[in-house]
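*Asks:* Spelled out, the chains give:
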Amino acid sequence: MTTPDQNSRRPSSIEDRLTGARFEPDADFANALHARLLASLPPHVEPSQSRSRSLLHRILMMPEHEGNSMSNRFRMMTAFSALVLLVMVGLFVVLVLFQPSRVAAPTQEPVSVASHTVFADTLELLESKAAQTNEGYKFELHWRPLVQPTTDYHIFIHALSGNQITGQMDGRLLGDDLTSSLSTDHDLPTTSWLPDRFISSIVTLTLNANQPSPDTLVMGLYNPETGERLVVMQDGVSVSDGQVVVWSALAISDQPTSTAPPTEAPASPKCSPENRCLSEDGRFWLHTVRPGDTLVSIAADYNSSLPCILRENGYTSGMDVLVPPAQILVCIEQPVASDVNQRQATGYQTLTMSADAQWIAIETQPAAGTWPAIWLHNPDTSETSRIATGAWPSLSADGSQVAFVITPPGNPVEWNRENLVNIYSGGFTDISSSISDLYGVACTMPVISADGQTVAFLARTVAAESLNNSAEEAVWVYDRRTNTAETAPAYSDDTAPFLAGHPGMSADGRYIVFSAGSTGNGPSGIVLWDREKGFAAIVANGFFPEISADGSTITYLESVGEAQQAVGWINAMAYNVQTGESRWLGAVLDQGPDGWWEERVLSPSADGHKIAFTSVLDDPRNPGPVPTPGGGLGSAFPNRHIYLYDWATDSVTRVDNAPDLHIDGFSYQPAISADGQKVAYLWHRPGEQFGIFLYDVSTDATTEINLIDPATGNPVAAP
Amino acid sequence: MKPQPDTTALFEEWYAAEMPRLYNYVAYLVQDRAAAEDLTAAICERALVRLAQYDAQKGSLDAWMFAIARNMVRNHQRDTSRQPRSTSLDELPEIRGRGGTPEEIAQRAEDFRQVIAHLAELSEAEQQVIALRFGADISNVDIARVLGVTPNHVGVISYRALQKLREALHLEAEDDYA
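The listed protein sequences derive, respectively, from chains L and W.
1 is the number of the first residue of the first sequence in the numbering used here; add one for each residue after it.
720 is the number of the first residue of the second sequence in the numbering used here; add one for each residue after it.
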């Protein structure tokens, strides 16, 4: 029997320790944050309960000039409260004793004025929203600095009744940097607005109760030292008097109203049969999107350096848009020379290679908080192009067709792979629309057949969602010839919903492999689906499967057992479907520098006789203790190498062995050619260096691939 | 057209019930009271500003909130990764043990503190998984959704992270009892 004393000395399990206590927010902090959020609610939205906005909340909304730390501000709340109470009592007395001569206008819905307005080639006004309040008007202005202003600009708003100014406000223009997670980036003067940030300003205009209601509100910026107004351009046209209309009584409607001159939608004759159109300035591809899709802030585009404009029913909108049931054009940026990946500054996410090794597709992410992009490179001719923003490229055998997932519109900072929308293949054909009951916007990990006619990918559907509270993912296979998609037949007697993942496909599109795990924490199985016979079955326990082009060999990581987990490595396996023979390739560890990249660990040649894979072990065939990763971000990680398994000799050789190019670091995302003679891979070394390499088995030579010409900064192009 | 839920009401309900869970998750990762408060506030404010972008048909508000939280915490950690990190206990957010006698509560808080002290030794991925699983108290499937990996991958990362913590604490426990 255990004594209480023994109990107190016995350390509890890690799980018990972690669940036995928690960090508790300070009550003052929680209350103050609640009050602050309440005050920040959009002015047209009342809280769900019967709470109304108090003066306290309005005070909380006022610009705060004292103390940058939010914690400090919260701690000042108590002191504010007494003052607020006094003010409220005073206001009450004023309201009772001095009835205003004019009943305040009822609060109305906010009016969103969509505009594309630029002040002095410096500040782009993305959107302004005006809401009528009991005291006047409240404006929410969204800005994007094109360059960092050198002047502390001031703002003016004039209320016009006819040509008469009936009210006005002037003041320093301050804004919150919504792109930043730092609470110190509040109430910044324009001189602190960094380029390509998303800045939000709240401005209020108080009107004299005795004045007639205005019919128009105009806004402009000026230099307080000279009093000179900034020049305003709207869609390239200079606006007179340096002021723009931000509210008009005539503009009140349910729909956003544009004050900008309407722009012409691209003429349909310019569009290709695939609905791909080139914008008039040649910078953007425009693409038709399904009606009903929600598009968010695509205008900010992925790198925030180039505007990409939604053209909706003839006018331009730069902000969040709920696409109405009508044709909408989305911009996909043309390949440009800027924002290219460079070895010193670019993250390479994924890599694939065509069967003939003539084309390599790389997913790049120039920096944190930017959209990933798909690049194509021909190692023989050095021809390089950036085809689109997107992720997870997969190439047909000759590289002429690319399946990939287009990244969603929205803030790239908040991009994650669960939010991807629409799969496009060569010619930008939206194939996710083939699934009528697609759940949300989660289509991921497409793989394309050799002829480019078949694409397998993961998707959630409403039907799957209804099975369980979790949104199960299923593997779908789309046939471009019939424009239809199908999913696998039942492959398990288990009635519990399964979560499919990581699809692979044979060259002819007949055989599909994918991992399938119970939505609980059960083991993951490898499913082989023969589309020709309409049969699917679990053939092995494991995950991250790939299948050779001829459909003969499945490679996968074996589901770990306790003993293997204890030493931290996982078995890389190959299974010959025709002979039933299994091979142990070596021990691997499926965790990369930041833990998220490493899902394409294995790459079999067309006949499955050569298999490239990654491992952190110096000798994957003689595994010992796993090198210990360093702790925390930016610290050292164990090296990781590319190995090539030879079925004939049942042996492995290291591929990334070019010491003149790279010694230590992570080699990842191997992609082998159909003949097993070439292996392309990505490489990363802590210190933010990335590289792309191509290894030739026959010559034992490694070449580095550059997507840009260091001399010109432009993408490498064919001579 | 399907009626749109009152996202503001949803947010309010979520905040009233779940903010401590969000704070707990953030505190796991930053382990600094002021930073945890600042980040929790910034996450809520970011979410509120972007509430119109939330679509209930695409997933739960909870998953949406933690996706925002994960990204903002990650950005914060990247921004501060080059700065020397203080581990002063005075800066730790308040730890509260669950249930039991005052002694048990205190012991649980101490046990918890000992584990948390080793979190920084884990990789970023492992820290995220531990914080989401134990700090945010969400399932592996939802963690996978937030992080954009497979649930199996989450399981592997989680196992390794717990193993590392176990080893770290075992060494420490041996020292204590030596």
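It should be emphasised that the hints constitute simulated quantities derived from the structure, not laboratory data.
Any given hint could turn out to be false.
As the list claims (entries may be wrong) - Quick partial rundown of chain L residues pointing at chain W, CB under 7 Å, derived from the structure:
{"hint": "1", "residue": "ILE14"}
{"hint": "2", "residue": "ALA21"}
{"hint": "3", "residue": "ARG22"}
{"hint": "4", "residue": "PRO25"}
{"hint": "5", "residue": "ASP28"}
{"hint": "6", "residue": "PHE29"}
{"hint": "7", "residue": "LEU37"}
{"hint": "8", "residue": "LEU376"}
{"hint": "9", "residue": "TRP584"}
Claimed, not checked - Label pairs and their calculated CB-CB ranges:
{"hint": "10", "chain 1": "W", "residue 1": "ALA775", "chain 2": "L", "residue 2": "ARG229", "range": "53 to 61 Å"}
{"hint": "11", "chain 1": "W", "residue 1": "ALA775", "chain 2": "L", "residue 2": "ASN541", "range": "52 to 60 Å"}
{"hint": "12", "chain 1": "W", "residue 1": "ALA839", "chain 2": "L", "residue 2": "ASP16", "range": "40 to 48 Å"}
{"hint": "13", "chain 1": "L", "residue 1": "GLU15", "chain 2": "W", "residue 2": "ALA775", "range": "30 to 38 Å"}
{"hint": "14", "chain 1": "L", "residue 1": "ASN134", "chain 2": "W", "residue 2": "ALA771", "range": "21 to 29 Å"}
{"hint": "15", "chain 1": "W", "residue 1": "ASP725", "chain 2": "L", "residue 2": "ASP241", "range": "39 to 47 Å"}
Quick caveat: nothing in here was measured; it's all calculated off a predicted structure.
All residues carry an ideal CB built from backbone N, CA and C; glycine is no exception.
*Asks:* Confirm or reject each hint.
*Replies:* Now for the hints, and whether the structure bears them out:
| no. | hint | result |
| --- | --- | --- |
| 1 | ILE14 | 5 Å, holds |
| 2 | ALA21 | 4 Å, holds |
| 3 | ARG22 | 5 Å, holds |
| 4 | PRO25 | 4 Å, holds |
| 5 | ASP28 | 10 Å, violated |
| 6 | PHE29 | 5 Å, holds |
| 7 | LEU37 | 6 Å, holds |
| 8 | LEU376 | 24 Å, violated |
| 9 | TRP584 | 19 Å, violated |
| 10 | W:ALA775 / L:ARG229: 53 to 61 Å | 45 Å, violated |
| 11 | W:ALA775 / L:ASN541: 52 to 60 Å | 36 Å, violated |
| 12 | W:ALA839 / L:ASP16: 40 to 48 Å | 21 Å, violated |
| 13 | L:GLU15 / W:ALA775: 30 to 38 Å | 32 Å, holds |
| 14 | L:ASN134 / W:ALA771: 21 to 29 Å | 24 Å, holds |
| 15 | W:ASP725 / L:ASP241: 39 to 47 Å | 41 Å, holds |
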